[in-house]
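Visitor: Sequence:
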Amino acid sequence: MTIPVYSDPCHMPCPDLPHHSLSKEDKERGLEKLQQVRAQVREGMLSSLRKEYEQAESSYQRALINQRAKRIKRNWS
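Take 46 as the starting number for the sequence shown in the working numbering and just add one per residue.
One or more hints might be untrue.
[Stated by the list, open to error] Computed cross-link-like contacts, BS3-like style, restricted to lysine-lysine with a CA-CA straight-line distance of at most 27 Å:
hint : residue 1 : residue 2
1    : K78       : K118
2    : K78       : K115
3    : K72       : K96
4    : K96       : K115
5    : K72       : K118
Just so you know, these hints were derived from the structure itself, not from any lab.
Given the sequences, and given the hints that come with them, work out the whole structure.
Guide: What follows is the structure in structure tokens.
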């Protein structure tokens, strides 16, 4: 048994309401904005970690900050 596909799920999330779908340009613009916002958030978090790193006194604290920075880069890229 196969399920008929009426529309592309990325383009029309709800086949009953085609007027709620986004145009291709709107989706591209939204994805570009999402990338910009993610980059801004990532840089904001990393800049505060850089300040923390400069003020850290022990190598252990610096190692913890490095781990957090790597995690942020991995998760927000």
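Visitor: All hints, please: hold or fail.
Guide: Quick rundown of the hints versus the structure:
1. K78 x K118: Holds: K78 and K118 sit about 18 Å apart, inside 27 Å.
2. K78 x K115: Holds, at roughly 23 Å.
3. K72 x K96: 36 Å, violated
4. K96 x K115: The given pair, whose Cα atoms are some 16 Å apart, holds under the 27 Å limit.
5. K72 x K118: 25 Å, holds
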